[in-house]
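Protein sequence lines correspond, in order, to chains A and U. For the first sequence, the positions run 1 to 320 when the numbering used here is used. For the second sequence, the positions run 1 to 258 when the numbering used here is used.
Treat each hint with caution, since some may be false.
[Stated by the list, open to error] Here are the in silico distance ranges between beta carbons for each label pair: (1) MET317/A with SER155/U: 17 to 23 Å; (2) SER155/U with LEU165/A: 39 to 45 Å; (3) SER125/U with LEU165/A: 57 to 63 Å; (4) PRO120/U with GLN119/A: 45 to 51 Å.
None of these hints come from the bench; they were simulated from the model. Bear in mind the structure is a predicted one, so any value in this text is a computation, not a measurement. Heads up, the beta-carbon is just placed ideally off N, CA and C, and yes, glycines get one too.
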Amino acid sequence: MSTIASFGFWSFVGIVAGIYTLFALGVQVQFGYAGLLNFGQVAFMGIGAYTMAILVVKEDLNMWLAAGCGIVLAILAALLLGLPTLRLRADYFAITTIAFSEILRYVATNEDRLTGGSQGTINLAGIGQASQYDGAWQSFLGKVERNLHVGSDAAMLILVWTVALLAVAAVTLLMRTPWGRVLKSIREDEDAATSLGKNVFLYKLQALALGAALGALAGVFYAWQFSFFSPDDFAPLITFFAWMIVILGGLGRAWTVPVGAVVFGVIFAGTRFFDFPPFSLLDSTERAYVRLIVIGLVIIGLMLFRPQGIFGSRKEMVLE
Amino acid sequence: MSTAILEVQDVVRRFGGLRAVDEASFHADEGSITALIGPNGAGKSTLFNVISGFLSAERGTVQFEGRRIDRAPAHRIAQRGLVRTFQVPRALTRMSVLDNVLLAATRHPGERLNELVLHPGRARSRERRARERAAELLALFRLDTHAGEYAGVLSGGQRKLLDFARVLMAEPRLVLLDEPMAGVNPALGRQLVEHVLRLRTETGMTFLFVEHDLDIVMEASDRVIVMNEGHVIATATPAEIRSDQRVVDAYQGTARAK
């Protein structure tokens, strides 16, 4: 059977879209609702994935507990990042976030003893001892498969999307509360919010931390899905994928994120099937770059013809 | 006898070498309507920003209801009941008109994550009360028919009214209005003046406003504070101000400079 029609392939695309939904939902909270330009979201994904893997392999910690620690650590990292930088002007904050994510990636690459270094998590327990952190996850997945009478791809698909959609629902409800109202007012006009007695800094910090927690949750699923990862999996490009998803779907609405993630996933995976001219003139590694070009063109096209995203409101876009 | 609700003493604020506010002192009595006037560049806006906490004072003190606020952050000053407006109304354009007003609700437990989780009932009942009050205010300023629309579709005049409704929602005891009549047609200006006068009589609210339109100043204020080149050069009743030579000089000086 060709790849284009295989369930295995498309369920993989679906799983990745689910993980990216969680990941990009963090950016939606931070930027779409609170107006924060976080270009370092991938750092929180990395913190979630690495903390979980390290604690399972090195400390023999329970997998769920380790995953919880990953999320808590990402929240702490967000507070640490936000405390000195959230008082900066929006553009300076943006620069610091990208530096933050790159610093963490370089640390992960060079601190071999902690992270396994550039060889990735396979090297976590030291050279010559191939280590695995996802044993407990695989057996949990096995249980789900037997209970639901589905294959492992389908079980993962169901788990990831259940968590992703619950997170989307939770964010949607949260943004309808007075707390969410303050967040939106900060996006609109910080000074106005301040003049009405809102502690803008504190709300920004909370938005950054909530987005970080979602990023770390995505990181934990990422680690379980791929069984192996290295610092290069957390390059800045991944953060921009989240931004593309949020812009594709539409800003300021949580439910547009899963739609953006699926569209993004299909475009990303779909470019794999460009085996007709002129693409057939390229070899497969070159074709892998074509997908980035296609995604870039889609974003440019969107900005030109539908700047509000697929589901964003044009009316909202033109208000001043 | 009335007491001072706001006391500004020897406030200094520089921008580079320029002393935008230079040892300015004045006070505003509780329940009064005080106008702050002066030629462009006199330091009125800077002083407003210092009082409301948007800029820090380098020297001097600001007291509100007997407590120092010159070191307090701006949001804390607003929470204490000193609420300001801006020259250009700051409508939150991609939020509904109703949400714009609801945002100003004070001591709202629903704005805190821990309260939302631990005491959702409190947050709900506060929100219900806030909605009732917001509906009253929107009706008062004839914005009720626009409640569900984006604030961004309102006209300039309507935004001015929305700003006003929002300030009142914040339950202030002292309101700082930065050029409330700028860019407002005479009919709306009339309305705003009447709102201010009525609120002062009905609720004892205190107003301090910066204004260039001297007719409005004469009509609406009890006391006038005149600033020039960062200094407070005169404090008097509106009637006295007209004949004060220093005031005439300050204004004519800039008239000549132009």
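Here is how each hint holds up against the structure:
1. At roughly 20 Å, the beta-carbon separation of MET317/A and SER155/U lies within the given 17 to 23 Å, and the hint holds.
2. Between SER155/U and LEU165/A the C-beta distance comes to about 41 Å, which sits within the given range of 39 to 45 Å.
3. The hint said 57 to 63 Å for the Cβ distance between SER125/U and LEU165/A, and at roughly 31 Å that hint is violated.
4. Our hint of 45 to 51 Å for PRO120/U and GLN119/A holds, since their Cβ atoms are close to 49 Å apart.
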